[in-house]
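Novice: Letter by letter, the chains look like this.
There are 2 protein chains.
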Amino acid sequence: MGKANAAPARGMRDVLPAEVALRDYAQRVILETYESFGYAHIETPAVERIENLTSGQGGDNEKLIFKILKRGEKLDLAAAQGEADLVDQGLRFDLTVPLARYYAAHHAELPQPFKAIQVGPVWRAERPQKGRYRQFTQCDIDVIGEHGEIAETDLILATVEALAKLGLSDPTVRINDRRMLVAIARSCDVPDESHDSLFITLDKLDKIGMDGVRKELLEQGLGDGPVSRLEELLAQAPSLDGIAPFADGLVGGDDGARSLGAIHEALSSALGADRLVYDPTLVRGMGYYTGPIFEVAVEGLPYSIAGGGRYDGMIGRLLGRDVPACGFSIGFERLIMLLEERGLRPGRAARLIAVLHPGQEDDLSPSLARAAALREQGHRVALVTGRKKRGKQLDELQRHGFDGWATTDGTADVRFFDEADA
Amino acid sequence: MGKANAAPARGMRDVLPAEVALRDYAQRVILETYESFGYAHIETPAVERIENLTSGQGGDNEKLIFKILKRGEKLDLAAAQGEADLVDQGLRFDLTVPLARYYAAHHAELPQPFKAIQVGPVWRAERPQKGRYRQFTQCDIDVIGEHGEIAETDLILATVEALAKLGLSDPTVRINDRRMLVAIARSCDVPDESHDSLFITLDKLDKIGMDGVRKELLEQGLGDGPVSRLEELLAQAPSLDGIAPFADGLVGGDDGARSLGAIHEALSSALGADRLVYDPTLVRGMGYYTGPIFEVAVEGLPYSIAGGGRYDGMIGRLLGRDVPACGFSIGFERLIMLLEERGLRPGRAARLIAVLHPGQEDDLSPSLARAAALREQGHRVALVTGRKKRGKQLDELQRHGFDGWATTDGTADVRFFDEADA
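Protein sequence lines correspond, in order, to chains C and Z.
According to my numbering, the stretch in the first sequence is residues 686 to 1107, in order.
According to my numbering, the stretch in the second sequence is residues 686 to 1107, in order.
Do not rely on the hints blindly, as some may be mistaken.
As the list claims (entries may be wrong) - Listed next, the in silico DSSO-like pairs over lysine-lysine satisfying Cα-Cα at most 30 Å (straight line):
id, chain 1, residue 1, chain 2, residue 2
1, Z, Lys850, C, Lys748
2, Z, Lys755, C, Lys815
3, Z, Lys748, C, Lys755
Stated by the list, open to error - Here chain C is said to cover these stretches of chain Z; the calculated rule only asks that three of the stretch's residues, wherever they fall, bring their Cβ under 8 Å from a Cβ of chain C:
id, stretch
4, 718-725
5, 749-762
6, 831-844
These aren't lab readings, by the way, just hints derived from the structure by calculation.
Virtual Cβ for every residue (Gly too), placed ideally from N, Cα, C.
Whenever a hint applies, use it, and build me the whole structure from the sequences.
Specialist: So, in structure tokens, the structure goes:
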């Protein structure tokens, strides 16, 4: 009997029972919290048409698509000029692109505004590295069809509450607005066509520092004047209380400042004074954002645990008319890592008991009855065949999370491992 | 603004909120029931190495694999002779092949025996047809490392209980044993090399009738004698009470009959007298079964809603030593269709209330406070902007599952749609 390769595919991973229990628990808490805010859980397929994944909305993620080979007659290898002739579908790389398609296809059957929850795997063919996998879970909420800051406010409150229910009650929400970024760029005389590369560089601030940013911007051909002015403006950036007068000094910052002000006003009492912070350098990678953008950080993680923003243009592209939209995504894998580090264990009401069936030749009925009776009492009960070396078997059971054991002899009590021997 | 194609990829589908709520509920009930029997939830990735999917264990499903294109330098289109040179991975077509790999990779960290639950999507590129999709959810439990009928008994009891908790309390469990099928074939002088094709034909009995089966077997070259003898034996097949004397008249039926007898004895009191039925023509398609096989049928469905059996050979192929295994799979999509037909709605403790925010220009704080207060009272609360045409908005809310509404004016009560106007 040969031994075959049992490892998962490159960059993929199996999840062992203890982690799945934690994942199930966290997912249930998040789902229930979001449902308590009136969001509705939806599902989209893992596989999308390749055109829908390569429209440019996905940015760099479009380079990381797992592509699916055409099947049957559609696959014509001899005539294929390149990769594009071989594939017709791919695995989704996020939950936002499928959501936009979902809304465009089903908006007539959905409430207005539509508040959606999605939890599910996405796939990116990144270079595998420690702690990063090619399949990972995202957990998104989105409000579609709401222009006002009520959407941003609701997304932030619901996510902060979900994190608090998981014991992460010390969040900081950093917020910015794409229109403020544009206003700052214009105020520094950065030409519009250079805004994207400016923002990409600014996004690296926490990694390369202001010196690194300045160096990169000069290399990109921005003059010394604009770069100095940028540094000056960022240094002057006020707290949210002072956002309106700050914007007055910029070219066209009014709309962004008004949005930030409204969110600040709405959240200051609900969230606590210092929880919401203006970060004039927050960019967020995706090009589709059009208004407020925000991230949540918690103690113990060097990067944000959730992020999102307004993307008013994306759905219109599919639907043929403008539809405002705003979303927030929890980095589920980061969350699980953090909860594991903090030693969070899902509270289980029911203890796990092993009922030891005497031996393979014995009548099963008394063992089944014993297991059923203990289950009736509210325990989780696994029926297993007793081994000759009972001590060793009990050690194993305890190591694998069992709380106690019982025999088929109905008169003997359940013995719990955490009770001192009488 | 052009309108793009918003339909899902061919054969895939989106799931609307009402169905997702039902799916979440059914999945939670099944998961909790299986956990109460001591099964542990695990996760395997959607993507497997192509070698692991094409080892022959998957039968016809191996023809339906969604194959994933190689990436980067590994893809050499010019040198590719055929499909095999282009792909290195594929989407799993069932949960059993990944489970076998999972166990082989992680057995040292798992309890013995290992009782696993899996719930997740699988993909098969079948011709799309009404009600059948290319991505669908399977819900499996497996016992790995247990030779005795304690495994089959446990799988059947747990599954019957899970279905009963979903209101399907009228199940019939049909059971057979691959070794009984072999004994019957040998007793009819069917040569061993013709067993597989005999079983494939027998599996169609409910579709083509005994006349059709006879015709096909004769066409396959089985003589009139063996075919008549087969009909005779099947007609003589007893109830489970008489399985031992029936097997005495066969060539080598003892092991199969002993297993069926033990399962019958164990389940007759736990399950109710007529719930477990010997079906000598039950085959089940997959070639990997080695012992007892079983299916559950419920009223209102013309096909089985769950099926499984013992497959003692599969894991050994990967692990390099024999490991007994036995599994049961609920057809989750069929289950959901049946629950929808029966009008089952997930019971929700919390009612869904809309809080109408006066208008986009108004201060959000009172609306947030009102929503939070109602949430504190145990409601699910969606904060939405009130529209000028309130009557129309309330109609829409009711149509989309809201139970009531409230305004920001703290003194006004929640109005429930199902209460008659005072």
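Novice: Against this structure, judge whether each hint is valid.
Specialist: To see whether the hints hold, each was checked on the structure:
no., hint, result
1, Z:Lys850 to C:Lys748, "46 Å, violated"
2, Z:Lys755 to C:Lys815, "22 Å, holds"
3, Z:Lys748 to C:Lys755, "13 Å, holds"
4, 718-725, "holds (count 6)"
5, 749-762, "holds (count 7)"
6, 831-844, "holds (count 8)"
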